[in-house]
Amino acid sequence: MTLVSAGLVITARSPINSAMSLVSTFFFLAGIYVLLWAHTVAVMQVLVYAGAIMVLFLFVIMLLNLGDAAHRGRPTVTRILGGASAFGLLAVLAVTLGRTNAIPANLGPQAQATFGTMASVGQSIFTAWLLPFEAVSLLLLVAMVGAVVVAKSRI
Amino acid sequence: MVPITYYLLLAAALFCMGMFGVLVRTNALVVFMCVELMLNAVNLTFLAFARMHGDGIGHVSAFFVIAVAAAEAAIGLAIVIAVFRSRGSVNVDDIRTMKH
Amino acid sequence: MDGIVEFFRTAPIPPEVFAPSLGLIILLPLLGAFVCGVFGKWLGRANVHLVACSAIAGAFVLSLMAFWATSDAAGGRVVSMPNAFGLERDVVRYAISYDYGTWFAAGDFRVNFGLLVDHLSGILLLVITGIGFLIHLYSTSYMEHDDGYWRFFAYLNLFVAAMLTLVMADNLVLLFVGWEGVGMASYLLIGFWYTDSAKAWAGRKAFVTNRIGDFAFLIATFLLILTVNAFSQQADPRDYNSAGSSRARYTQGLLEKGPVTFKGLEKMALALPEGTGGAVSLATPIEAGPLAGYTFGGVMTATMLLFLLGAAGKSAQLPLYVWLPDAMAGPTPVSALIHAATMVTAGVYLFCRMSSLLVLSPTAMATIAVVGALTSLLAALIAFAQDDIKKVLAYSTVSQLGIMFMGVGMGVFWAAALHLLTHACFKACLFLGAGSVMHGNGDETDIKKLGGLYKEMKWTHATFLVSTLAITGIIPLSGFFSKDAIFHGVHHNHLHDLHWVSGFVYAMGLLITACTAFYMSRVYLLTFTGKRSPEAKVAHAHESSWFMTLPLVVLAFLSVVTLVYALPLMPRSGGGMQPVFENFLSPVLRPAEAVARAAQTVALDHSTPAFVDYLIAWLVALSGGATAAFLYLKFFPAQVGKPVPAFARAVRRTAHNKFYVDELYEFILIRPVKFVAFILFRVVDALVIDTVLVRGTAYVTEKVGLGLRRLQTGDAQAYAAIMALAILGGAVYALLQVLS
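Residue numbers (the numbering used here), protein chains in the order written: chain S, 1 to 155; chain L, 156 to 255; chain Z, 256 to 995.
Wrong hints could be hidden among the right ones.
If you want the ones that stay clear, here's a sample from chain Z, every Cβ over 12 Å from chain S, calculated [to be verified]:
| # | residue |
| --- | --- |
| 1 | Asp257 |
| 2 | Glu261 |
| 3 | Leu279 |
| 4 | Arg332 |
| 5 | Ala360 |
| 6 | Phe368 |
| 7 | Ala455 |
| 8 | Glu511 |
| 9 | Phe639 |
| 10 | Asn838 |
| 11 | Asp860 |
| 12 | Phe930 |
| 13 | Gln972 |
| 14 | Leu983 |
| 15 | Ala986 |
| 16 | Leu990 |
Heads up, incomplete: computed chain L residues facing chain Z, CB under 10 Å, no partners named [as the list claims (entries may be wrong)]:
| # | residue |
| --- | --- |
| 17 | Met174 |
| 18 | Val177 |
| 19 | Leu178 |
| 20 | Arg180 |
| 21 | Thr181 |
| 22 | Val186 |
| 23 | Ile230 |
Quick list of the computed label-pair ranges, beta carbon to beta carbon [stated by the list, open to error]:
| # | chain 1 | residue 1 | chain 2 | residue 2 | range |
| --- | --- | --- | --- | --- | --- |
| 24 | L | Pro158 | Z | Gly362 | 52 to 58 Å |
| 25 | Z | Ala932 | S | Val145 | 56 to 62 Å |
| 26 | L | His208 | S | Val95 | 22 to 28 Å |
| 27 | L | Asp210 | Z | Trp358 | 44 to 50 Å |
| 28 | S | Met144 | Z | Ala981 | 31 to 37 Å |
| 29 | Z | Ala981 | S | Ala119 | 39 to 45 Å |
| 30 | S | Phe126 | Z | Trp297 | 51 to 57 Å |
| 31 | S | Phe126 | Z | Gly544 | 17 to 23 Å |
| 32 | Z | Ala981 | S | Val95 | 17 to 23 Å |
| 33 | Z | Leu298 | S | Ala128 | 54 to 60 Å |
Source of the hints: derived by calculation from the structure; they are not laboratory data.
Please read these numbers as outputs of a predicted model, since none were measured by experiment.
Where a beta carbon is used, it is the ideal one built from N, C-alpha and C, also for glycine.
Taking the hints into account, I'd like the entire structure generated from these sequences.
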């Protein structure tokens with residue numbers, strides 16, 4: 001299902017359709033995250049991506065009033081090359097992964113209770129990863145200011 | 156128990172589709188969405204490996220990726236708006252200013 | 256009486272409290288230079304004067320405190336500092352130091368920013384800041400009509416800061432910083448009136464000549480570092496024992512302070528003589544490193560000869576003396592401070608500081624002495640026929656520096672240092688007097704066009720007379736005693752296997768004394784006595800303001816009283832009396848004497864001059880002066896209008912043209928260099944570099960650029976596609992690596 005909706009993202013003619021497919025992809029991915037016991041990240045996925053970022057996308061699409069694309073774009077040499085390399089990479093990765101056999105770790109009951117919970121992720125963010133966390137917060141602030149400056153027509 | 160390999164395969168497929176989109180689509184907005192798709196694929200591998208090793212660092216990384224993706228989306232869309240204002244198009248074919 | 260002695264023996268600020276502030280002595284003039292240089296234009300003339308003078312005055316007060324602290328013996332306990340390279344009980348007496356930590360380090364080589372004040376650098380500190388202050392005071396009046404006053408004072412302060420760094424440095428590299436700093440300040444000040452191209456050229460000449468010397472200095476430093484490394488690898492406990500150290504302490508010292516500190520070098524010098532019976536002596540070959548195969552003694556001789564070349568550049572000795580007379584293009588206070596009193600004596604200071612290493616090499620010592628003697632005589636002869644008052648003084652400076660080099664070369668370091676001190680006083684006085692004469696006579700420098708000034712410029716005349724007598728060597732002025740101390744030591748010290756040097760240099764010395772007396776009397780007589788020349792620029796000279804005469808009076812006074820230093824008033828440890836200055840410098844020079852005794856390289860004599868020695872020197876000086884008096888007071892005035900004999904004219908012309916040394920250099924050095932440069936220009940520059948390299952590069956770049964431009968489509972997606980291809984390639988490569 002994830003793959004199908006992701007496929008729709010890249011094939012849809014209209015940006016709106018792409019965006020809606022992307023939302024569904026995100027939801028499916030969130031489900032997969034839960035399967036991986038990453039509850040916190042799954043919640044974040046839904047909130048940030050499916051919520052905030054997608055709203056932003058749709059907002060921009062509406063703002064720019066983009067309808068169906070007038071043309072699909074000429075199949076230039078670089079496009080063909082790029083597409084081919086993407087498929088090539090997929091093939092290579094598939095071969096590589098097909099030869100490996102990774103199994104999930106056996107977590108003890110203690111770990112099972114805490115793995116991927118809000119508490120444990122928060123614990124490590126605010127202790128060992130505090131400095132990167134602060135850096136990211138600064139980055140977000142700068143991005144916010146930058147976005148306003150760039151998008152504003154006159155300063 | 157689903158082997159981690161399947162998750163990784165799924166991530167690889169997502170990543171390659173994202174990449175395909177980035178390389179092939181002409182609409183800048185769709186290109187951005189494909190970038191998000193690639194970032195999600197990366198997140199998926201992070202989480203898969205976190206599950207495989209049973210530690211939380213992968214989750215933290217995913218968290219940071221999401222935060223950075225949000226920043227990137229904000230800036231990127233702002234640029235798209237600015238470009239649209241000045242050129243009236245969001246088609247990457249029309250934006251060939253990165254040359255002398 | 257005891258109270259007075261106790262007062263002078265107790266420093267107002269205890270040494271251990273004062274030591275960390277040593278850096279302030281350098282920092283104050285540096286700050287002054289900064290303020291004057293950056294804000295000088297806005298501050299205005301009076302404020303710049305205030306800042307510059309008070310910076311130097313502050314440095315002088317601090318120097319006084321430092322000097323006092325080095326003589327501190329409160330409660331019978333002599334001030335001392337631990338020697339990082341010696342055993343714990345082996346302390347350096349009469350010295351204070353402070354280490355500001357590592358300046359830079361690379362591998363196991365390190366240099367610390369360490370300052371050291373002992374009696375040698377202490378007395379120089381007083382000279383630099385004291386005379387420096389007087390000259391600043393003098394300059395406020397001398398430069399009153401110049402628009403570049405702020406630049407001038409900034410440079411002057413910068414010079415003082417650099418010179419203080421030079422004398423306070425406790426290692427060679429820091430000393431080199433000061434060495435280069437004074438060279439730069441000197442260059443800036445010689446070319447101070449840079450709009451006059453001749454003066455700018457004089458600055459450049461000084462700079463280039465000095466660079467040659469500095470190059471030698473640097474190589475010598477590198478050689479010393481290699482020697483120290485070899486020594487620390489090859490020495491055995493007996494070597495360390497004889498130097499009052501141990502392997503552990505010495506290696507620790509090297510680790511903490513680096514290989515170029517003077518104390519460390521001193522310890523190595525103490526361990527090197529054969530008599531100490533260790534694994535390392537002067538004849539031991541170095542085992543490893545770039546110097547492998549050469550003996551320690553040979554390397555030491557080479558090092559000292561290179562230092563001689565370096566010192567010859569800075570102290571204007573043969574063959575690099577040519578810049579100093581041209582340096583008179585700068586303002587006169589600069590000539591007094593830099594080119595007479597302080598900077599040019601840096602070479603003498605360097606050798607006194609490294610005396611313990613120098614005495615290891617009789618060859619180098621003999622070379623120094625002979626170079627000094629030849630320079631001194633040549634400069635004195637050139638000075639005979641110079642008409643420019645500043646040029647005469649410049650050549651006399653070269654000559655006096657030559658005398659100091661003779662002293663250093665023959666191992667009478669204390670007398671050389673004493674002559675440095677007295678020379679600083681009377682030569683600064685002479686230069687400032689000359690400046691005062693110029694100031695009062697519309698910048699006239701030709702002594703033939705002066706004359707009869709004794710009535711119009713009373714103070715200048717009196718002080719000039721005193722300092723002329725001092726430099727001439729008339730009893731009882733300081734110059735006589737310091738010069739005679741050198742000649743006496745030169746006469747009685749003997750270099751190992753080079754006994755002829757003593758006699759030769761002594762004879763030269765007597766000749767130089769006569770010459771000095773002659774040309775100095777000539778300058779004095781032509782300038783101040785007789786009738787005013789009809790060609791004078793202004794009919795009546797005016798006496799300068801007290802800003803200019805006060806320093807003159809102080810310096811004249813100093814050039815009289817410093818004679819106390821040369822009198823044998825202090826008891827010698829082995830019985831008898833020794834001159835005050837020798838006693839005063841003995842803490843600094845003791846290692847050198849120990850080395851000389853152990854190595855048997857130079858037999859140092861400590862006898863005090865007998866009355867006969869004084870008499871001979873005095874008669875020689877008097878005869879020179881009397882000849883001048885006869886010639887210029889009686890003979891020439893009577894000969895006016897008569898034709899001059901041809902040979903006299905030829906001699907005069909030769910001397911006037913400085914024995915054609917500049918032309919000789921032009922012929923042997925500059926012409927060939929120019930020729931080679933021309934060839935290089937045609938072949939290397941025009942063909943290889945211009946055509947092949949420069950244009951060729953441009954051609955290739957252009958063609959490649961044209962080709963590559965096609966790739967630069969500006970299509971972001973194309974770039975991304977290339978990236979994707981690269982990723983794919985990388986992944987495939989990694990996969991193949993894993994599979995194979």
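Where does the structure disagree with the numbered hints, that is, which hint numbers, in rising order? 13, 14, 15, 16, 23 and 31
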